[in-house]
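Engineer: Kindly produce the complete structure, drawing on both the sequences and the hints.
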Amino acid sequence: MSATQSNLSGARYGYDFVVATTQASINSTMKEYLSGATMPEVRMYYNMDKKGNPVLVDQATLMTQLNNTDPFKLKEWDGDDDDDVPDYLDVINSSKFMYAFRAKIGLAPGYDPSDLPDIISLNPDNKSVVFQLMCSEFQVVEANGDRAGLTSYINQSQPDGNAWMFKATVDLKSVTDSTNLPPAVQQQVNNLGDTAFSVQQLIFDLDNALLDTSASIEGIEPGSAVDTALKGVFMGAYFSALQAAGKPVLGYTIQQSQVDPSTLKLSDFELQANPFVDASGNEIQLAVDEEGLLTLNYLCAANGNTLPPAVPFNWNWVENDQEAGEFDGVIAINRNTIANYFKNELNVPVLSNSFLPYVHVYLSDLDTHINYEWNLTAGQQPTISAPATGKTVLSYSYSNSASDQAGLNGDEGQMTLSPSYTLQVDFTGNQIVITQHLLIYAKVKVELSSDSGNIIDKTIVDTYTLEIDDYGRLTANLDSQTTDNSQTPGVNGFLNFFSKVNDLTESVEQWVQGLTATSFTDIPLSVIQDFVFPGGKTFLFKDAVFSDNQDLVGHISYADPS
1 MSATQSNLSG
11 ARYGYDFVVA
21 TTQASINSTM
31 KEYLSGATMP
41 EVRMYYNMDK
51 KGNPVLVDQA
61 TLMTQLNNTD
71 PFKLKEWDGD
81 DDDDVPDYLD
91 VINSSKFMYA
101 FRAKIGLAPG
111 YDPSDLPDII
121 SLNPDNKSVV
131 FQLMCSEFQV
141 VEANGDRAGL
151 TSYINQSQPD
161 GNAWMFKATV
171 DLKSVTDSTN
181 LPPAVQQQVN
191 NLGDTAFSVQ
201 QLIFDLDNAL
211 LDTSASIEGI
221 EPGSAVDTAL
231 KGVFMGAYFS
241 ALQAAGKPVL
251 GYTIQQSQVD
261 PSTLKLSDFE
271 LQANPFVDAS
281 GNEIQLAVDE
291 EGLLTLNYLC
301 AANGNTLPPA
311 VPFNWNWVEN
321 DQEAGEFDGV
331 IAINRNTIAN
341 YFKNELNVPV
351 LSNSFLPYVH
361 VYLSDLDTHI
371 NYEWNLTAGQ
381 QPTISAPATG
391 KTVLSYSYSN
401 SASDQAGLNG
411 DEGQMTLSPS
421 YTLQVDFTGN
431 QIVITQHLLI
441 YAKVKVELSS
451 DSGNIIDKTI
461 VDTYTLEIDD
471 YGRLTANLDS
481 QTTDNSQTPG
491 VNGFLNFFSK
501 VNDLTESVEQ
511 WVQGLTATSF
521 TDIPLSVIQD
531 FVFPGGKTFL
541 FKDAVFSDNQ
551 DLVGHISYAD
561 PS
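Numbering (full-length UniProt numbering), first residue to last: 1 to 562.
Simulated from the structure, these hints should not be mistaken for lab results. Possibly wrong hints are sitting among the right ones.
The calculated lysine to any residue pairs, modelled on SDA-like cross-linking and capped at a C-alpha distance of 20 angstroms, are [as the list claims (entries may be wrong)]:
{"#": "1", "residue 1": "Lys75", "residue 2": "Lys167"}
{"#": "2", "residue 1": "Lys104", "residue 2": "Gln201"}
{"#": "3", "residue 1": "Lys167", "residue 2": "Arg12"}
{"#": "4", "residue 1": "Lys75", "residue 2": "Leu89"}
{"#": "5", "residue 1": "Lys50", "residue 2": "Gly149"}
Derived DEER-like restraints, expressed as beta-carbon distance ranges [stated by the list, open to error]:
{"#": "6", "residue 1": "Thr383", "residue 2": "Asp268", "range": "55 to 61 angstroms"}
{"#": "7", "residue 1": "Leu478", "residue 2": "Thr383", "range": "41 to 47 angstroms"}
{"#": "8", "residue 1": "Ser480", "residue 2": "Thr169", "range": "53 to 59 angstroms"}
{"#": "9", "residue 1": "Met63", "residue 2": "Val277", "range": "56 to 62 angstroms"}
{"#": "10", "residue 1": "Arg12", "residue 2": "Leu478", "range": "33 to 39 angstroms"}
{"#": "11", "residue 1": "Met63", "residue 2": "Gly110", "range": "47 to 53 angstroms"}
For glycine and all other residues, C-beta sits at the position ideal for the given N, C-alpha and C.
Structural biologist: Encoded structure:
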């Protein structure tokens with residue numbers, strides 16, 4: 001089961017739209033981004049207080065204490081060789097220097113591209129993601145000593161091809177929880193703009209969530225001197241200070257766009273890792289080399305709607321390696337969300353063709369002259385329905401009738417005017433079909449003669465074959481077919497007793513034709529082309545088709561993250 005089974009309108013789901021990208025595509029795009037991004041180098045220095053605890057100190061103060069000696073340039077000393085006592089011994093002993101590190105987020109050096117460790121691994125079973133913070137540079141120094149002075153000096157850098165990875169399992173629900181963060185950081189975590197689905201934003205969110213987990217260090221021998229130093233300086237004092245201040249690890253920040261051109265304005269979302277399922281929707285275990293097909297799903301609410309709880313989908317967004325080779329994921333939009341969009345866009349043409357009829361038949365000149373008045377007033381409210389299933393997603397219906405007569409039992413004259421209008425929107429394949437039918441029945445009786453028929457009976461079928469540009473804006477080719485079964489006085493079954501009746505019905509017919517000539521037309525292309533998918537700044541769009549349940553599905557690939 002693939003995205004063709006998307007059924008977001010089902011009672012189990014209800015999300016306005018979902019963005020789903022594969023684990024493999026996220027990792028490859030993150031690596032591409034980190035390979036070209038310019039990240040800040042973070043340097044942190046710590047002195048020891050009177051109780052033996054690390055205290056952050058700025059670089060200028062430390063340089064004064066160390067007589068401008070750079071602690072990162074001091075050679076390592078294990079303290080065992082009395083004949084190799086470093087010349088910086090007295091400088092360190094006379095200071096309170098404890099340890100320092102410098103690091104920069106990025107791709108670890110010394111790896112072939114195919115051998116670079118993955119940055120994320122999805123765990124659908126426990127609703128989490130394993131995140132590995134990777135650095136292009138990492139160096140840690142530590143001055144160890146006792147009352148007699150310096151006993152050893154650790155100076156270690158991350159070796160090429162054996163990265164120091166800070167690994168943690170992060171609860172996906174916590175990734176977007178900014179409750180305890182400062183306002184400035186909350187603003188970046190709560191990014192609801194057009195970059196909300198970018199790998200840059202995901203790294204930022206995971207980077208912040210890392211502080212609330214029990215991280216481990218990969219690539220270092222447990223219990224070694226550098227392991228002890230990193231746990232003390234980086235994951236100890238540094239992480240604790242960041243937690244207290246609510247700041248991101250290693251100064252990672254992102255720039256957010258202020259303008260979101262998408263039609264659906266993201267108002268809330270939650271992350272979900274979906275298990276892989278078989279054709280019946282039952283969970284199956286993937287082989288290790290197939291886990292790249294797992295998708296990270298953004299469950300989204302738009303335009304202020306309430307976000308339903310996260311539940312697993314019983315279909316796969318990307319089904320197999322062939323699909324994964326063609327696109328990185330999908331954006332699926334609930335059929336009801338699209339129907340609501342059309343409901344707003346179609347208000348004008350629907351109201352323009354929903355007529356309230358008026359007729360008045362009366363005698364004048366001492367009851368010797370029969371008079372007929374009629375009118376149709378547009379702007380009436382139709383009945384609207386949005387079927388839960390089937391290709392028809394939206395329909396409008398309006399009908400009314402007005403009659404009047406003069407003389408005993410209408411012997412002198414009668415008139416009836418009965419308009420009706422329907423509009424139906426169908427989604428199927430890569431097409432939107434909008435069918436309109438306007439019917440206006442008129443009956444006129446003058447004394448013993450009468451004339452009646454459908455003076456307007458027109459159907460317009462507009463078929464829009466969908467396309468989409470790279471940035472998520474729908475385009476379409478329009479094929480419009482009009483069928484006119486309108487009847488004219490004196491033909492098509494009209495009675496034609498004498499010219500007085502014929503002239504009157506012809507006057508009604510001409511007036512109604514003139515009235516509806518401008519209101520009953522094909523639906524303009526702008527109704528389709530004004531729609532813009534979410535995520536246009538992050539993804540390139542390949543196509544737009546409707547699922548078997550009429551969700552609008554766009555297949556996407558990550559754009560160049562730089």
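Engineer: Among all the numbered hints in the text so far, which are the ones the structure does not match?
Structural biologist: Going through the list in order, the structure violates hints 1, 3, 6, 7, 11 and respects the others.
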